Amino acid sequence: MSLALSNVTVTRGRNETRTAVFADLDAEFPAGKVTALVGPSGSGKSTLLAVAGALLRPDRGTVRLGDVDLAALNDAERARMRRTRIGYMFQSGNLLTALTATEQLLAAAYIAGHRPRRERRRAADALAAVGLGHRLGHRPDQLSGGERQRVALARALFLDPDLLLIDEPTAAVDRTLAADLADLISERTHATGCVTVVATHDPVVTAAADTELVCPGALSPRPAADTSATG
Amino acid sequence: MSYVGDATSPKQRSEGSTVFLALLEIRAARGRFLLMGSVVMLVAALVGIVSGFTTGLGNDTVSALRGLPATHFAFSADAKSDQFNRSLVDDRTLRAWRDRLGGDAAPVGVSITRGTTDRGVDIDLAAFGIEPGSFLAPPVSSGAPVGSSGGSSVGSSGDGVVISKKIADKGVRVGDTVTIDRFGITMRVAGITGARSYGHVPAAYLPLELWQRIRFAVPGADPGAEAPRQFSAVALRTGGADVSLAEMDAALGTKTVSREGAFEAAPGYSGERITMTSIQVFLFLIAPLVVGAFFSVWTVQRTPELALLRALGASRPRLLWHSTVQAAVVVAAGAACGGLVALGVGAALGDAVPFSLPASTLAATMAAVAGVGLAGTALTLRRVTSADPLTMLGAHR
Chain A
1 MSLALSNVTV TRGRNETRTA VFADLDAEFP AGKVTALVGP SGSGKSTLLA VAGALLRPDR
61 GTVRLGDVDL AALNDAERAR MRRTRIGYMF QSGNLLTALT ATEQLLAAAY IAGHRPRRER
121 RRAADALAAV GLGHRLGHRP DQLSGGERQR VALARALFLD PDLLLIDEPT AAVDRTLAAD
181 LADLISERTH ATGCVTVVAT HDPVVTAAAD TELVCPGALS PRPAADTSAT G
Chain X
1 MSYVGDATSP KQRSEGSTVF LALLEIRAAR GRFLLMGSVV MLVAALVGIV SGFTTGLGND
61 TVSALRGLPA THFAFSADAK SDQFNRSLVD DRTLRAWRDR LGGDAAPVGV SITRGTTDRG
121 VDIDLAAFGI EPGSFLAPPV SSGAPVGSSG GSSVGSSGDG VVISKKIADK GVRVGDTVTI
181 DRFGITMRVA GITGARSYGH VPAAYLPLEL WQRIRFAVPG ADPGAEAPRQ FSAVALRTGG
241 ADVSLAEMDA ALGTKTVSRE GAFEAAPGYS GERITMTSIQ VFLFLIAPLV VGAFFSVWTV
301 QRTPELALLR ALGASRPRLL WHSTVQAAVV VAAGAACGGL VALGVGAALG DAVPFSLPAS
361 TLAATMAAVA GVGLAGTALT LRRVTSADPL TMLGAHR
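Protein chains in written order, with this note's numbering: chain A, 1 to 231; chain X, 1 to 397.
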């Protein structure tokens, strides 16, 4: 199952202040591979993640995840897609401060309608898979930056999403941890077969990705062929 | 075909409740929630205590009237306030009512006086003069009813009085003789009824003639002198009788009011009610503002986390439920603890002050506190639903 964007246009502002973040963008992201989304600040990386992740509805175009056009869904339907088929890993982890590492995963499961008690063992296994088997009961303020990112990755993958979206995963960690994290993202993507898109400035992450997509930017949209993911 | 709505998909699930998260958040921020719960508890306790005093003072003022099985009282029309003390009606009025209602019309006289028993116990008493055997005669828990032969130094046999349990609690017994101060009128205690009082003074039920001698007595005069055949009001038990109160009032020069309306005639009743109700109203205004202010701050603090929950797929209704559950836990726990505190205060006060907090009143009061507290959280709900999941992404921060 792949993610395909077709003729996607996103604008910002209203009336005379209206500007295009990107216009008529075509892109395809294959399953089981990590696509690094690169480009200078303001080139639309985060906006592309928002559109791909059903957080933002484009002005025009289609965003197909399998046979579902995310751009055609209403607010409640997009929320349902986010909790069942899309995993997010935000900058700096963005964990819920009140919850332990295990509970971060259970929270995602609970929102999606699972019963936390039944998921507790699976959550422990998922955290062990990202090297945090010894941090199950720790809260975010008891974890390092790298550990928080790993918890966020485990949470994003916990419900076996079809699409994994990651925003600047190494912004708050050093180079060694960044390389470990990039390898972990690749390893989990290949193991689960999900579509993974990583917005990043970090060459370490880009080097570990399977493909790379340069974000076109608002003022100089490239032809669709140039913006397609390349191997 | 859209995935959404495809019930056969293994990933199709209804959205889960966020109660689990709400409770975990309370656990993690237990210090703040405990502080807020304590404030709610104190407000609830204060409301409960004030409610206990309102009921207790009300009982202390009108329980004797409430205990009379009358539906209405006909006062003289010229008595505008404090009617039981100021109103005087006569036998002509009573006869007119009896022509219509028969035994369901009975004279009643009310006055406050004081006396001393033959064993030296000083007592205040709200003297209710009634006809022995009329429907106004109170049931007795011990001894004999009003007008039974108790013996009296001033009249014939059959003028025994029935006292409230509150007077008995001061050490007055059946068989004791009470001498009314200054007038020298004596009477014998024939029986004891339940705890009833009027104007914060414990009630005693006297034969009407004895009451009239006390009401119209002049210090130094002959205690056995005949008194005017007047009384405070005609007590009515209208039931389903087809009688026009307004026509009767116009014909007899009376003003008939319901039993509950007659409570206003009890000394101090209106003033006490207004005072206590004002305090309660202010507390009910304060409670939602305090709870609302707390949850406003709490919501602002966790707006990023609400946005994260939205990004993870929680819908707006779920976030509303999430916040409402947290508020409900705090105000319910606070109100419950406050109710227990109010009960404890009532138990500690004992009979020293008029305090009454029946379970039904307590439950209704605490439910009201919880209700207005929850209403206060409504102030924050718009902010909860407006949490924007886009703020989770770098370019949108």
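Hints are computed from structural coordinates only; laboratory data are not their basis. Just so it is clear, the structure is predicted and the values come from calculations on it, not from any experiment. Cβ coordinates follow ideal geometry from the N, Cα and C atoms, glycine included. Hints may be right or wrong, so weigh each one.
Unchecked claim - What follows is a list of derived Cβ distance ranges for each label pair:
{"#": "1", "chain 1": "A", "residue 1": "Gly-193", "chain 2": "X", "residue 2": "Leu-340", "range": "34 to 40 angstroms"}
{"#": "2", "chain 1": "X", "residue 1": "Val-300", "chain 2": "A", "residue 2": "Thr-192", "range": "22 to 28 angstroms"}
{"#": "3", "chain 1": "X", "residue 1": "Val-297", "chain 2": "A", "residue 2": "Gly-137", "range": "57 to 63 angstroms"}
{"#": "4", "chain 1": "X", "residue 1": "Gly-31", "chain 2": "A", "residue 2": "Arg-117", "range": "33 to 39 angstroms"}
{"#": "5", "chain 1": "X", "residue 1": "Leu-285", "chain 2": "A", "residue 2": "Thr-9", "range": "25 to 31 angstroms"}
{"#": "6", "chain 1": "A", "residue 1": "Gly-13", "chain 2": "X", "residue 2": "Val-300", "range": "24 to 30 angstroms"}
{"#": "7", "chain 1": "X", "residue 1": "Ser-386", "chain 2": "A", "residue 2": "Thr-19", "range": "20 to 26 angstroms"}
Claimed, not checked - The following residues of chain A were derived to be distant from chain X, with all beta-carbon distances above 10 angstroms:
{"#": "8", "residue": "Gly-32"}
{"#": "9", "residue": "Ser-46"}
{"#": "10", "residue": "Leu-55"}
{"#": "11", "residue": "Asp-75"}
{"#": "12", "residue": "Ala-76"}
{"#": "13", "residue": "Ala-112"}
{"#": "14", "residue": "Asp-167"}
These are the hints, each one checked on the structure:
Hint check: A/Gly-193 to X/Leu-340, Cβ distance near 58 angstroms, so the stated range 34 to 40 angstroms is violated. Between X/Val-300 and A/Thr-192 the beta carbons are some 37 angstroms apart, a value that contradicts the proposed interval 22 to 28 angstroms. Distance hint check: the CB atoms of X/Val-297 and A/Gly-137 are about 29 angstroms apart, inconsistent with the given range 57 to 63 angstroms. Hint check: X/Gly-31 to A/Arg-117, Cβ distance near 27 angstroms, so the stated range 33 to 39 angstroms is violated.
Range check, X/Leu-285 to A/Thr-9: Cβ separation about 53 angstroms, and the 25 to 31 angstroms hint is violated. Look at A/Gly-13 against X/Val-300: about 27 angstroms separates their beta carbons, and that is inside 24 to 30 angstroms. At about 25 angstroms, the beta-carbon gap between X/Ser-386 and A/Thr-19 stays in the expected band of 20 to 26 angstroms. No Cβ of chain X approaches the Cβ of A/Gly-32 within 10 angstroms, the least distance being about 18 angstroms, so the stated non-interface status holds.
Its beta-carbon lying about 3 angstroms from the closest one in chain X, A/Ser-46 breaks the requirement of being farther than 10 angstroms from that chain. Not every Cβ of chain X is farther than 10 angstroms from the Cβ of A/Leu-55; the closest lies at roughly 5 angstroms, contradicting the non-interface assignment. Its beta-carbon lying about 8 angstroms from the closest one in chain X, A/Asp-75 breaks the requirement of being farther than 10 angstroms from that chain. With 10 angstroms as the threshold on Cβ separation, the claim that A/Ala-76 sits away from chain X is violated: the shortest Cβ distance comes to roughly 6 angstroms.
For A/Ala-112, the requirement that its beta carbon stay farther than 10 angstroms from each beta carbon of chain X is not met, with the minimum near 6 angstroms. With 10 angstroms as the threshold on Cβ separation, the claim that A/Asp-167 sits away from chain X is violated: the shortest Cβ distance comes to roughly 5 angstroms.
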